[in-house]
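Grab the two chains, each in its own frame, and use the hints to assemble them into the complex.
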Amino acid sequence: MKVLVLTNMAPFVWGGAEELTHHLVVNLRLRGLEAEAFRIPFKFEPYERLVDEMFICKSLRLRNVDLVIALKFPAYLVPFENKVFWLLHQYRQAYDLWDAKQSNIPDTDRGRQVRRLIIENDNTCFSSRTKIYVNSKVTASRLKRYNGFDSEVLHPPLNDPELFSNVNDNGYIIAPGRVNGMKRQWLIVDAMRYLPRDTRLIVAGPPDSEEDATRLRRIIAEWNIEDRVKLDLRLIPRRELAELVGRSRCVAYAPVDEDSVSYVAMESFQCCKPVATTSDSGGVLHLVEHEHSGCVAQPDAKAFAQALAYLLENPERARKMGQAGHEQWRSRGINWPTTIDKLLAGRR
Amino acid sequence: MRIGWATPFNVRSAIAKYSRDLCVELSLRGAKIEILRTETGEGAKFDVLPTKLALHSADHFDDATLRRRFDLCVVNIGDHFPFHYHALDLMLQRPSVAIFHDASVVNLINGLRNVGYPVDQWNVRFGTGAAEGPERPEIDFRPLRFLASLALAAVGHGPHYIRALEDSCPGPVAELPLCQASDEPIECARAHADRFLIVTFGVINLNKQASRVIRAIASSDRLGKRALYRLVGQIAPKHKVLLANLASKLGVDCEFYNGWIPDHELACHLTDADAICCLRFPVLEGGSASLIRGLYAGRPLIIPDFGSYSRVPSELAWKVSCDDDPRPVRTALEQIAADRPAADARAVAALQWAKRTYSLAAYVDALLPFLRRALDTAPYAEAGRTIGNTLVEMGVEWRDPISLRLAKAGSDLFDEAD
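Chains as they are written, first to last, in our numbering: chain A, 1045 to 1392; chain B, -16 to 401.
For reference, chain B alone in the conformation it holds in the complex (with noise of 0.2 Å):
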């Protein structure tokens, strides 16, 4: 199979990473894989990922050569702009798989918007069309729904947006858990040893939730003193002081290790935690990466009981509520405290089941025959994206007779050539 893979391709870019090592297990399969960058901006001014995969830039294709070259093209998409403008031409152009490594793409869309595509015309066609999702208030689905009305087929990676995704996409959508490689051992000094170090890491923003986590410390008498929160990876300034404040305020031990994290410093940061707290509200991406690393690391993981996190068995990691309630969050900590060895134990088994169900054979393995499958179903779902097309500009509403009689002409026209 022929694919174009539209993707960014960039270090700073964590899809990027998980491309570039699903593509060559992909190669090692039989594919051939051609990579279309689809960054713009400050996103395409970062370091590209060594790789031996053709690339290109996504726009560098008309149509007709798309056709001629791939037999399917395969577009990420995630919420940030700078890395993802060119996934949207590129499914204009070419009807595409559509990954969605995000449940939110409103800050994509509202990038389109700034750059002059007639977003609020999108949203006036499709945003009221399907049922909205009643999976959580807080997510805006509409630019999901629109962008997966656009794709062959769709690619999902927990399952609090799957049902978006099967209302608006024309063709087959799968939920697969997100793949990520398993970092090598590597050995830390442990630096905190008479401490209980309390670890989150990442992109540490609203939804990271550290004031739910420091809120749980100070609210904990048996962990008193002895907890040491740490957070690691960037933060915005403002952010940074309002921790700060809140845990001189409380009373609880914070300390910040600011700006891009090399790979293997953060590993050490992570084996060196007594808890990491993977936490979101609202769950705004697809699969997580983090979670992802979190077990790798192989120490006790909290965890919210949501999205692609609620796929972790429960006696694997310590599940708390999706929401900014510090006592679930407490109760985890002070089980973790009390017997480490067992919460060890729970996070060498949660890192085990980790690597077999994150790994990229298990995605592979998923994944070919899902594309095999949207290829065969592409016609139906072309010509249906054409018919509802035409209805749209119609201002046929989406109830109207003719859109069921259509529907079912179709349906009984596909099925029949099966």
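Only chain A is shown next, with the shape it has when bound in the complex (with noise of 0.2 Å):
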């Protein structure tokens, strides 16, 4: 069987997302069948745009494929018969950010026009009685919010659990992963003047554009914590990220409503290490529990500097929680191969 891999691509950006696709394509393969990844680039600025890149993806014919599994919005519209949806999330600007008004499609005639190609394009795609996987509850729920769908929880298994192990406990803070304006980063920064001088952070990822680093470095300026933060920013190798997680106290991750549970929550666990997160975190609520695998606490910088504090303070209960995360998250069965069982019994 052929099975294609569906998804968009913005040239050299690379994250969860990717990741996944291309573990999937790999884990397709090791059982035996033909897979390929078929990535659409994607530009949804200006917001017209958005309805040439639907057109794009409408007007594209499959041959000599079996199979397809589609992934994120607008690769999904590519029309084909036999086809398992995945979702990892849709184009959100259109659903959720736009009732919080923190869409890049404005509130205008032509604004609401797009909008509803959107959804009226999604809610075709959608209603063609093909199994949808979502990648969280957060995505399942505002499927059927906003497009009357259900569907069903398919986690993102983590692509090399094998690399990430609790290998000590150097008592840094690492926050791991894509830096940018949702992943909030910045918050994490703004954090470190509330805490003692000798804390010490790493941030550990790429930025997606430079006014991303631009905006971690002029906080640490304004509050001369340079020897306290350590920016690394850049796509670190898998082995180096592990290791460097595998060696710290405990994560933090404070993305604005994050659609899965998210692979640093994961890895995290993986590596018996807590998470520091946040009230607004989304699907990472999912699976962090304040007091129990990690804490949560309020979306800003004093609150989440309390947070690191207490598992900065209490070795053996950050220690303590790092564990029952890595029980909790090993005992939902979450792996390549049943994953990629479910995906095929998903097809017609």
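Treat the hints as calculated values from the structure; they're not laboratory data. We put the CB at the ideal spot given by N, CA and C, even for glycine. Each hint should be verified, as a subset may be incorrect.
Each pair of labels, with its calculated beta carbon distance range [claimed, not checked]:
| # | chain 1 | residue 1 | chain 2 | residue 2 | range |
| --- | --- | --- | --- | --- | --- |
| 1 | A | R1154 | B | R339 | 35 to 41 Å |
| 2 | A | K1087 | B | M(-16) | 40 to 46 Å |
| 3 | B | Q217 | A | S1171 | 33 to 39 Å |
| 4 | A | R1160 | B | R294 | 16 to 22 Å |
| 5 | A | D1194 | B | N190 | 55 to 61 Å |
| 6 | B | R388 | A | V1057 | 22 to 28 Å |
| 7 | B | P384 | A | S1171 | 24 to 30 Å |
| 8 | A | N1126 | B | M(-16) | 48 to 54 Å |
| 9 | B | N190 | A | K1087 | 53 to 59 Å |
Dumping the calculated BS3-like pairs for lysine-lysine here, alpha-carbon to alpha-carbon at most 25 Å [to be verified]:
| # | chain 1 | residue 1 | chain 2 | residue 2 |
| --- | --- | --- | --- | --- |
| 10 | B | K391 | A | K1102 |
| 11 | A | K1175 | A | K1046 |
| 12 | A | K1046 | A | K1102 |
| 13 | A | K1087 | B | K0 |
| 14 | B | K338 | B | K391 |
| 15 | A | K1087 | A | K1145 |
Structural data, given as structure tokens:
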């Protein structure tokens, strides 16, 4: 069987979705199937461009393919009879971010037209009686709320669990992952001003833009905390990243309404490290339980600093929380073989 | 050029005879033609026209074979569903040049609806798109526009529906005068030398306006009892009774030659006539085989000043308004009766003009370069159709900015290729 994994690409941007796509293909091949990823360039600015991007995807025709696994808008609009959805997310600016007035689509006549086209084409696409998996409860409830479709949660597994283990506790905080405004590393850096001078934070991941990196540097300079915060702003090799997480005290991760439980949280728990997060971090909260496997703080710098302080001042408690997170994560049985089984079972 | 010529091909179809004569002429010019028959049901039961051309059913070939076997498919479209059933499937399968023989194809579309095609969905998708034609309010152009939107290029036989074709067809559109082989002259005995014989012929339905002619005759003191009105052709019994009663009530002598009339008999009726009334209201057809037949008869001819009829020079026929007013018809009849030699001379001039204008050679002279142009522009038309279908599926309205952007991109691309 020939399986095509359909998703988007922004050239030279690599994050969780790209890792997932890569490992999905690898694991399909390990199953003995022919598998390839088809990544369609996607540009959502200016917002008018969204209609063109949908048109491009709707115009494509796939041949010599038996099954499509579709991950993201608008790539999932490519017409194909035998398609299984594994939604990482829809175009949120047309849905919850529109309601939150955080959309790049303006509330004008044309903006509303573009939004209508996105929603209608999503509805048509999902109404084709094809199995819909989603990556988290957040994505599932959003799909139900805005489009009226039921779905089944299929958490993405950790891609390389063998790399991640609890090496040591060197006492530092690590904030891994892509750096951008929505991932809110700036909040974590800002929290450092409320913590003791001997606290150490490593921000480890590639910035989406120079502006994102500058924002962090500005906060560090403003509060004169250069000696406490290390910015390692690059795509960290996986082994190196695993080593950094495995030697940390805890992981700080405070995204805005994350769709999924997140790789950052999964990797933390794989390393038996507790996670400090915020009450508005969405899918992350399906994995992190306050005072059980980490700390959940209000999304402001001072409150977040208090959560981190608790984990820094109580190493034994932090170790137990990390262990609890590890056991909770392992008990879910989320791994690639069962994930592939489910995806293949969804085909016609 | 290898052409798959889709058409009805039976003895009862005027389009079949047109196709046979035309294909022979095209073959003489080097085209390799095979006939793809479009009839179904009752329409397929009539005798096939004798021919040496290869005959197939239009649904005989799959898409790949059609593309391999023919450079181009030409689909003849008329409004009689049993004769043209397979035309749509062929056009959906293989974008083709469409020759529209009728301005109104409502009956064809209704027939397709009756056998399960999602016609009402098409009306939603195509009926409100392009601007409605202001040509005549009594003609519903939506089905025509839909079929034209599927064609690579379109031919019409009259000016009254060319704009509707141009609005809808993504490729070139041409107006060509319909063609018809002229009859050999036939010697017929004149049966009513002492009467002024007026003839209407063909399928006598309401839009042939026989009642208008009866009222015109009745209102003329000059024609008086000399006039005899002869109706030649098939007529529904109910309509015949209606006309007979009207004629009787108004004191008009009226006779019916009812049923299917063989060609040579019809020729005699026409030669016998002092005036032929070839009226229509509304004008639903494209070109008019009756018009050409009437002109070829070399007898004074009264026609509406509309559609393909309007293309006849005014000094060669008697043109009347395209409505139901009997007065212009009466005036025309009286003029013909008043100066018979002048009327006959005008009819002979009309015959000469018709032989030049409606000849097969003239038609093919225009058609062949048009088909070549359609082939040249086919990639643009096919791309346009594919893009248009995708936009419609997306729910994009036709005035949406993306439609205009894509139209411009396509135009820039293909203009550059030129």
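* To do: Evaluate the given range 22 to 28 Å for the C-beta pair formed by R388 of chain B and V1057 of chain A.
  => holds, 26 Å
* To do: Indicate whether the distance between the beta carbons of D1194 of chain A and N190 of chain B respects the range 55 to 61 Å.
  => holds, 57 Å
* Pair hint outcome, K1087 of chain A versus K1145 of chain A [Cα-Cα no greater than 25 Å] -> holds, 20 Å
* Within 35 to 41 Å or not, the Cβ separation of R1154 of chain A and R339 of chain B? -> At roughly 56 Å between Cβ atoms, R339 of chain B and R1154 of chain A fall outside 35 to 41 Å, so the hint is violated.
* Take a quick look at whether K1175 of chain A and K1046 of chain A sit within 25 Å of each other, Cα to Cα. => holds, 18 Å
* Look at the Cβ atoms of N1126 of chain A and M(-16) of chain B and judge whether their distance stays inside 48 to 54 Å. => Violated, since N1126 of chain A and M(-16) of chain B (Cβ atoms, about 41 Å apart) do not stay within the stated range.
* Consistency of beta-carbon spacing, M(-16) of chain B to K1087 of chain A, with hint 40 to 46 Å -> holds, 45 Å
* To do: Given the hint of 16 to 22 Å, check if R1160 of chain A and R294 of chain B actually sit that far apart at their C-beta atoms.
  => Violated, since R1160 of chain A and R294 of chain B (Cβ atoms, about 48 Å apart) do not stay within the stated range.
* Quick one, are K338 of chain B and K391 of chain B close enough, alpha carbons at most 25 Å? -> Violated, at about 44 Å.
* Given hint K1102 of chain A paired with K391 of chain B - CA-CA distance at most 25 Å -> holds, 19 Å
* Asked: Keeping to a limit of 25 Å between CA atoms, is the pair of K1087 of chain A and K0 of chain B held or broken?
  -> violated, 58 Å
* Could you grab the alpha-carbon distance between K1046 of chain A and K1102 of chain A and see if it respects the 25 Å cut-off? => With Cα atoms ~21 Å apart, K1046 of chain A and K1102 of chain A stay inside 25 Å; holds.
The structure does not agree with the numbered hints 1, 3, 4, 8, 13, 14 stated previously, though it agrees with the rest.
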